[in-house]
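So the sequence lines, in the order shown, correspond to chains A and B.
Per my numbering, residue 1 is the first one in the first sequence, and the count goes up by one each step.
Per my numbering, residue 1 is the first one in the second sequence, and the count goes up by one each step.
Wrong hints could be hidden among the right ones.
[Stated by the list, open to error] Straight line, CA to CA, 27 Å or less: simulated DSSO-like cross-link-like pairs of lysine-lysine: (1) 2(B) with 214(A); (2) 110(A) with 7(B); (3) 69(B) with 219(B); (4) 7(B) with 113(A); (5) 219(B) with 249(A); (6) 110(A) with 219(B); (7) 219(B) with 115(A); (8) 214(A) with 115(A); (9) 219(B) with 49(B); (10) 214(A) with 219(B); (11) 214(A) with 161(B); (12) 110(A) with 214(A); (13) 110(A) with 69(B); (14) 115(A) with 7(B); (15) 11(B) with 113(A).
[Stated by the list, open to error] Okay, the calculated bits of chain A under chain B, using three or more residues with CB under 8 Å as the criterion: (16) 59-71; (17) 265-277.
[Said to hold, decoys possible] Just the calculated beta-carbon pair ranges, DEER-fashion: (18) 256(B) with 280(A): 28 to 36 Å; (19) 91(A) with 106(B): 23 to 31 Å; (20) 96(B) with 69(A): 22 to 30 Å; (21) 37(B) with 259(A): 25 to 33 Å; (22) 168(A) with 45(B): 24 to 32 Å; (23) 182(B) with 20(A): 20 to 28 Å; (24) 191(A) with 5(B): 51 to 59 Å; (25) 183(B) with 76(A): 57 to 65 Å; (26) 245(B) with 207(A): 35 to 43 Å; (27) 206(A) with 22(B): 29 to 37 Å; (28) 196(A) with 72(B): 41 to 49 Å; (29) 158(B) with 77(A): 14 to 22 Å; (30) 221(A) with 39(B): 41 to 49 Å.
Simulated from the structure, these hints should not be mistaken for laboratory data.
No experiment lies behind these values; they were computed from the predicted model shown.
All C-beta atoms, glycine included, are put in the ideal place defined by N, C-alpha and C.
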Amino acid sequence: MAFIAAVSKRSSNVRGIKRPSTPYLLLIPGLSWLAMFFIFPLITLAGTSTQTTPAGGDTGTYVQTFRFANYIDAFSGAREQFLRSIVYALIATLLALAISYPLAYAIAFKSGKWKNLLLVLVVAPFFTSFLLRTIAWKQILGNEGPVVTVLRTLHILGPETGLTASAFAVVTGMTYNFLPFMTLPLYASLERIDPRTLEAASDLYANGITTFRKVTFPLSLPGVVAGTLLTFIPAAGDYINATLLGNPKTKMIGNVIESRFFEIVDYPTAAALSFMLMAAILILVMVYVRRAGTDELV
Amino acid sequence: MKRWLSKNLIKIYAFAAFVYLFIPIAYTMAFSFNNAGKSNLTWRGFTLKNWQNPCGAPEVCSALGNSLKIGFIATLIATALGTMIAFALGRHRFRGRSTVNLLIFLPMATPEIVLGASLLAMFLNLGINPGFWPTVIAHVMFCISFVVVTVKARIASLDPKLEEAAMDLYATEVETFRRVTLPLVMPGIFGAALLAFSLSFDDFIITNFNSGTLTTFPKFVYISSARGIPAQANVIGSSMFLIALAIVLVGQFVSSRKKRV
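Let the sequences and hints guide you as you build the complete structure.
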């Protein structure tokens, strides 16, 4: 086996050496697209973030003055929404993990021949529009919807209190909308676990809980890391749930950036906030990946 | 009873999770049959008229048409570009590999609002008005990474011995690629295209920044949400769901049939 692997490695090496320009030719079109429409715009945005309106200039006209204090002004104007975005995204990510882990576990280990069908069903809600699903939640949690009706008859909710236009509704919507991003990576890492390792654990007198804590969960960590990142990142930048399910007190950083861009035409502040959001996410992600990668979690 | 419960707890939980996943879909579908006037927020009785006349609401079908057009063009370009990158990463050794991997990962780690805002800032700086083509460009940009990841996973799962066997049988490199590698990778490419299309079709945030006055289907839903979404939007949402589900299920059926043969 090792011999075959060595040979096949060498032969693929040979293929690579034969025409060393092939990979670059394959890369050029796609990478140029990303350079032109992802990297270059980010550089433009960096430039915009330090611009100011010239004295006596119209609103919406900006010149480059390298005013880095724009960042401080932007942050102090939106500190509340910034923190709220991070907190909401964290709660939604944890809820999604709590819902998805058992689901992914059941599909990976307990579904038998239904595995593929169940996987399709996890992705299926993706295929109706994101906005229609969010509006459906508005109806479900609305004052005439089933949840409020049941809670009101049980006297858990007062006759005047509702569930929509609240932080609760925003987090519910976020949790729901990014759920497949959590379930799929979790499933992928759980499915890869060799069932014999679990048998070995029980042969060594580990009970179900110990097996899960010491074997299954540590082996599924790559999926946990990937899933939480894929949920947290879009959730932190989202403003649809906050707009459709929230109230003015649940506005997130995305709402601020959007309104700075389109309503106030304050491009520098919008650009500075975008950069701070990206930086905050990248720092959190790096700290998290490092911790999950090196520290023993269990 | 208690033993049965603890044995099946995880299955019950998974069932509950599926119910949770499908409640909003059921709602969307149910309200496509609602005899609604202008606003489709409360139930006013069963009707088939929305399904008989899906374009009945003003602008809903032109918005759908724009979304389909943008989706098809963006999917074609992104799938082609992304597949090429996936082959370079999966089948070749070259310098600068980790930089390429980083460049593929970064767009997926960037919040959509930053992607949308930065592209709009660039288009405005260059004096390009937002609209149809800027939207296509934006969609291709965020779809490429997802295509690369999907196709690369498929290439990595291939058995290199199959290609070696072809070469041993005196197939040239081009023949091996065309008759062995490409057919084996094809399901991955198809899956990536489906993913790219659904990402593009469903995108709102980046589209909202770069489409100007052009209305796409998600944008139509968003704009009309303030004054009431017509039931026709639910008809279109429900049909897209059923079509996509049918495509995936047929694909699964075909591939399981092939395996048996």
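### Query
Straight-line Cα separation of residue 214(A) and residue 115(A) no greater than 27 Å?
Holds, at roughly 25 Å.
### Query
How does the Cβ-Cβ distance of residue 168(A) and residue 45(B) compare with 24 to 32 Å: does it lie in that range?
Check passed, 31 Å falls within 24 to 32 Å.
### Query
Measuring from beta carbon to beta carbon, are residue 96(B) and residue 69(A) in 22 to 30 Å?
violated, 38 Å
### Message
Would the hint linking residue 115(A) and residue 7(B) be met if the CA-CA limit is 27 Å?
### Response
OK: residue 115(A) and residue 7(B) at ~19 Å, within 27 Å.
#### Entry: residue 182(B) versus residue 20(A) beta-carbon gap, inside 20 to 28 Å or not
Since residue 182(B) and residue 20(A) have Cβ atoms about 22 Å apart, the given range 20 to 28 Å holds.
### Task
Take a look at whether the Cβ-Cβ distance between residue 183(B) and residue 76(A) falls inside 57 to 65 Å.
holds, 59 Å
### Query
Measuring from beta carbon to beta carbon, are residue 196(A) and residue 72(B) in 41 to 49 Å?
holds, 46 Å
### Task
Could you grab the alpha-carbon distance between residue 219(B) and residue 49(B) and see if it respects the 27 Å cut-off?
Holds, because 24 Å separates the two Cα atoms, which is no more than 27 Å.
### Task
For the pair supplied as a hint, residue 7(B) and residue 113(A), confirm whether the alpha-carbon distance does not exceed 27 Å.
holds, 19 Å
### Task
Using the beta carbons of residue 91(A) and residue 106(B), state whether their distance is inside 23 to 31 Å or not.
The hint (23 to 31 Å, Cβ to Cβ) holds, given that residue 91(A) and residue 106(B) are roughly 26 Å apart.
### Message
Can you confirm whether the C-alpha distance between residue 110(A) and residue 69(B) stays at or below 27 Å?
### Response
violated, 41 Å
### Message
Verify the CB-CB distance for residue 206(A) and residue 22(B) against the hinted window 29 to 37 Å.
### Response
holds, 36 Å
The structure fails hints 6, 7, 10, 11, 13, 16, 18, 20, 24, 29 (numbered hints given earlier, in ascending order).
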